[in-house]
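Trainee: Listed below, chain by chain, are the residues.
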Amino acid sequence: MNKFYSHITNKVTVFLVGIMVFVLAAVSMHWILIMLPVIKDGEQTKADLLVTPYTRLIEQSVNRNDLAQVEEILNHLLLLRDSKLNQPMVVSIRVALVGGAVIEKANPVNSQYTPFIAETPIFDSSTSVLLGKTNLEYNSELYHHLIDDAERRLYVAMVAVILLILVVQRKISLLLKPLNALAHYLESVDLNKAAAVPHPRNKMAMEITQVWQAVNQLFSRLQLRDEQLKLGHEAAQSALKQKLDAESANMAKSQFLANMSHELRTPLNAIIGYSEILRDEMAHDSHPHLTNDLNKIYTAGKNLLSLINDVLDLSKIEAGKMQLFLEEVKVNLLIDEVLNIVKPLAEKNANEIELDIDAGIGTIKVDIMKLRQSLLNLLSNAVKFTTGGKIVLQVYREIISDEEWIKFVVKDTGIGLSETQVETLFDAFSQADMSTTRRYGGTGLGLAISQKFCRLMGGEITVESKLGKGSVFTIVLPAYIKEPADTKADQGSEVQFVDSNKLTRARKPDIRKIRDERRSKTSTVLVIDDDPMACELQQRHLSKQSYEVVCASSGEEGIQKINEILPEVILLDVMLTDMSGWQVLTYVKSQSHLVHIPVIMLTMINDKHTAYSLGATAYLTKPIDWDELTLTVNKCVRKAGQETVLVIDDDADARKLARLILENDGYAVIEAENGYLGLMRVAERIPSIILLDLVMPNMNGQEFLNELELNESWQGIPVIALTAMELDENERRGLEKRVSIIIQKGIYSIDQVLGAVRRISSKNQHPNTQNVKIADDKSRDG
Amino acid sequence: MQSESLTLSRYPSKALLLFGVAALGCLHLVCGADTIDQRVQIALSLFPRIVAVDKRFQEKLTADNKARLVFVYERDKSKAVDLAKTVGTTNRNIVNVAVDTVPVQLIDQLAENAQAPTAIFITELLGEDDFKQLLLYGINRGIIVFSPYSGDVERGATVGLAITSRVFPYFNSGTLRASGVEINPMLLEMSKRYE
Chain G
1 MNKFYSHITN
11 KVTVFLVGIM
21 VFVLAAVSMH
31 WILIMLPVIK
41 DGEQTKADLL
51 VTPYTRLIEQ
61 SVNRNDLAQV
71 EEILNHLLLL
81 RDSKLNQPMV
91 VSIRVALVGG
101 AVIEKANPVN
111 SQYTPFIAET
121 PIFDSSTSVL
131 LGKTNLEYNS
141 ELYHHLIDDA
151 ERRLYVAMVA
161 VILLILVVQR
171 KISLLLKPLN
181 ALAHYLESVD
191 LNKAAAVPHP
201 RNKMAMEITQ
211 VWQAVNQLFS
221 RLQLRDEQLK
231 LGHEAAQSAL
241 KQKLDAESAN
251 MAKSQFLANM
261 SHELRTPLNA
271 IIGYSEILRD
281 EMAHDSHPHL
291 TNDLNKIYTA
301 GKNLLSLIND
311 VLDLSKIEAG
321 KMQLFLEEVK
331 VNLLIDEVLN
341 IVKPLAEKNA
351 NEIELDIDAG
361 IGTIKVDIMK
371 LRQSLLNLLS
381 NAVKFTTGGK
391 IVLQVYREII
401 SDEEWIKFVV
411 KDTGIGLSET
421 QVETLFDAFS
431 QADMSTTRRY
441 GGTGLGLAIS
451 QKFCRLMGGE
461 ITVESKLGKG
471 SVFTIVLPAY
481 IKEPADTKAD
491 QGSEVQFVDS
501 NKLTRARKPD
511 IRKIRDERRS
521 KTSTVLVIDD
531 DPMACELQQR
541 HLSKQSYEVV
551 CASSGEEGIQ
561 KINEILPEVI
571 LLDVMLTDMS
581 GWQVLTYVKS
591 QSHLVHIPVI
601 MLTMINDKHT
611 AYSLGATAYL
621 TKPIDWDELT
631 LTVNKCVRKA
641 GQETVLVIDD
651 DADARKLARL
661 ILENDGYAVI
671 EAENGYLGLM
681 RVAERIPSII
691 LLDLVMPNMN
701 GQEFLNELEL
711 NESWQGIPVI
721 ALTAMELDEN
731 ERRGLEKRVS
741 IIIQKGIYSI
751 DQVLGAVRRI
761 SSKNQHPNTQ
771 NVKIADDKSR
781 DG
Chain D
1 MQSESLTLSR
11 YPSKALLLFG
21 VAALGCLHLV
31 CGADTIDQRV
41 QIALSLFPRI
51 VAVDKRFQEK
61 LTADNKARLV
71 FVYERDKSKA
81 VDLAKTVGTT
91 NRNIVNVAVD
101 TVPVQLIDQL
111 AENAQAPTAI
121 FITELLGEDD
131 FKQLLLYGIN
141 RGIIVFSPYS
151 GDVERGATVG
161 LAITSRVFPY
171 FNSGTLRASG
181 VEINPMLLEM
191 SKRYE
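Read top to bottom, the protein sequences are chains G and D. Using our numbering, you'd call the opening residue of the first sequence number 1 and step up by one each time. Using our numbering, you'd call the opening residue of the second sequence number 1 and step up by one each time.
These aren't lab readings, by the way, just hints derived from the structure by calculation. Remember, predicted model here, so these are calculated numbers, not experimental data. Please note that the accuracy of each hint is not assured.
[Said to hold, decoys possible] Taking lysine-lysine and the DSS-like style, the derived pairs with C-alpha atoms no more than 27 Å apart in a straight line are:
1) 561(G) x 482(G)
2) 40(G) x 192(D)
3) 469(G) x 390(G)
4) 343(G) x 466(G)
5) 84(G) x 40(G)
6) 192(D) x 46(G)
7) 203(G) x 177(G)
8) 133(G) x 55(D)
9) 407(G) x 482(G)
10) 253(G) x 243(G)
11) 365(G) x 656(G)
12) 133(G) x 192(D)
[Claimed, not checked] Listed below are several chain G residues computed to face chain D (Cβ distance under 7 Å; list not exhaustive):
13) 43
14) 45
15) 48
16) 52
17) 54
18) 57
19) 121
20) 127
Think of the CB as a built atom: it goes at the ideal place given N, C-alpha and C, for glycine as much as any other residue.
Let the sequences and hints guide you as you build the complete structure.
Mentor: Written out as structure tokens, the structure is:
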């Protein structure tokens, strides 16, 4: 504020001084250049005017030679006085004649200034002869008096201007003083308290008063705004609290649903399982009327389980716990699989399904389960809401923003949707209307889940529809979904690893004794499940398949029994009472004497990714598909006399194809997608033949062979090496020392593979891989 | 013209300004004429006195021992006649020498056979060429060429008038030196000179 004050005052002062200097300079210049010469000329003129007429008189007197008259004229001139200064006008007058005579008169004037001089010639008026001259000295005191007077006035004017400047400065200071006071007040004002500007003084300039009032108004508005902000802040806080409460409630709901779903599914699995067993037994016992009733129980149970699964999926998505299990898949295989499921329903409603897909559509990397579920949902909706119409499935790739996407478009000619219905279509538990629910059934969760699945995969589902004219649903997904960075972290946070100290307290069994005892018996399957009914169902089913089934109702009991009986297969539930199934799995795979035992996860939760990453052999979900269970257990426990081929290849399709051909030829097939998992499968059960791809991630074929050669009991296993690389002579020779047969990958390679397997199989002197291993164990012990 | 009148009537201040400028022009002409006449009148009394202070005045007299004062004109003979008559009347003699004042046309005066004058008085404003010829004539003859007209001393006339608060004789020093005319120093001191 002081700065502001000085600035204005200085500006005004400088301005006024500037004006003063300018005016003084102008006046001085005017005085020096104009007035002084004019005054000087005026005084000179006076002298000239004085001397001319008197010279005429002198001329006449000289012509008459009357010098007394001349002196009289000169005296007359000397008497002339200036009335203002009261001084003689003439200092001296001198008449000089050509003949040498001089008449001179002077006044006693004591002047420091040089007088003005006026001279004029004296002629003879009749002959024009020059007689002499008159010289007059005119008093210059008056002239200097005028100059001094003017200078004095100039000085007075300067002093007056300086005084004026000081007065103006003072006046400005007084004017600015209230502004200064206001500034000081504003600097020290506490904005956290209600503030008001002090009352203005009575004597203030109108403009300053206006500023004062404006600041006062500003304070009022600031206070008003503060109050509004406070209210807004409180409202925002309240809204935030409500949001957090809502989120917390939602999380609690999701957790509750997850828990309840488990609690609901546990008895439901029993209902479905027992009804299925009863249905089969009743069918054998020829009770068709009861079979029908049991079918209804079974179907109702399955439907209820489907609903619970949907609710669980939704709650997992909302709780942010849904994970992606990304796999590369051939699109046409996936589509064939989905259409095969939907076709019976389409035929039931007399609908025609048309597929529009490029034969060379290739592969995509997605969560197959989630994509399959989403496609099934769209297609089953299309066939459900269309009768006697046509459903078209278009699949094509598209480049959007330099990224490759895949689109699945499902078009139908069904009942369609209104705009209002479209708006709420993807909301959970919403269907087109209540009549739709009554007529077509369903929970209204399918589309909501599908949309969330697609969004989880970085894509979207969109819909275009007109009431009565059908609908078009489009799924768009990145063709190759990238692995989420935090997958492993999440996995780690969910999986609690077992305390190995606690678990290894279990006594190590006498393996040879156990195997000797078992040689004459059937294979043993250990079921670890806290639900006794689930245990009983599995026991009853597998017993029919000639397996000896042992049950454990907790994780700790399960570990104890694993060590006691060394089962051929373990069926493991994830949600146990004392520990998680993941902990048991981790323990089994961390013990050298147990690592070979195949573990089949049998659970209601969908976490295949964790299961495989921890070393599970297979993953089955409840409710149990009994046929699938039998098949899976059979794969793990090979029957005597059946030869096993371990196919190690990172290409899933290649593995499938090998499995198809070899199983058709009577071989049992075990798969592993890299060398590391291959070693794990070998440890579980020594295969008759290993079909090995040489180029794989994690552990390639050469590294696998190195590991295989380190174990004496594995050194005799024949290996068929498959390679797409061109091998030179040295490489081929080196490889031939380590493997039985080398096959170049190509069009006819699968026939070569089958031929090679048959050749090795016929030569194979090992009657049974299991026997070989036991024999080795014996020899080692022995 | 019509449009100009209309324009002027539309702007009376412009018309007034034009009128004022025209009036001032006329006044200047009238006053100028008056000033010239006054200068000539003053010069008539000074001319014989200047001739008298010429130190070689006696050498420039005519054969019959007269001071021949020539009043040169180009077009206005009557004026020259009047002026010559006035000087002749008021100055019968100069330094006791009889004065003969004669009006002569310039071309006649410049002729080879023209009678040599004691001094020349220019009665009207001459053109540049005529003035130069006359000036050269005066220098060659060593005689005074007196011109009462303002600016003539600056362009070479031997003597003229300098009028401030008083009337001074106004000599051209260069012409004085060129023509060899010698003036009484007392008068020369009291006069103004054009260097």
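Trainee: Next, verify each hint and record whether it holds.
Mentor: Right, here's what the structure says about each hint:
| no. | hint | result |
| --- | --- | --- |
| 1 | 561(G) x 482(G) | 42 Å, violated |
| 2 | 40(G) x 192(D) | 19 Å, holds |
| 3 | 469(G) x 390(G) | 12 Å, holds |
| 4 | 343(G) x 466(G) | 25 Å, holds |
| 5 | 84(G) x 40(G) | 17 Å, holds |
| 6 | 192(D) x 46(G) | 19 Å, holds |
| 7 | 203(G) x 177(G) | 11 Å, holds |
| 8 | 133(G) x 55(D) | 18 Å, holds |
| 9 | 407(G) x 482(G) | 17 Å, holds |
| 10 | 253(G) x 243(G) | 15 Å, holds |
| 11 | 365(G) x 656(G) | 17 Å, holds |
| 12 | 133(G) x 192(D) | 15 Å, holds |
| 13 | 43 | 10 Å, violated |
| 14 | 45 | 3 Å, holds |
| 15 | 48 | 4 Å, holds |
| 16 | 52 | 6 Å, holds |
| 17 | 54 | 12 Å, violated |
| 18 | 57 | 16 Å, violated |
| 19 | 121 | 5 Å, holds |
| 20 | 127 | 6 Å, holds |
Checked against the numbered hints given earlier, the structure breaks hints 1, 13, 17 and 18 and satisfies all the rest.
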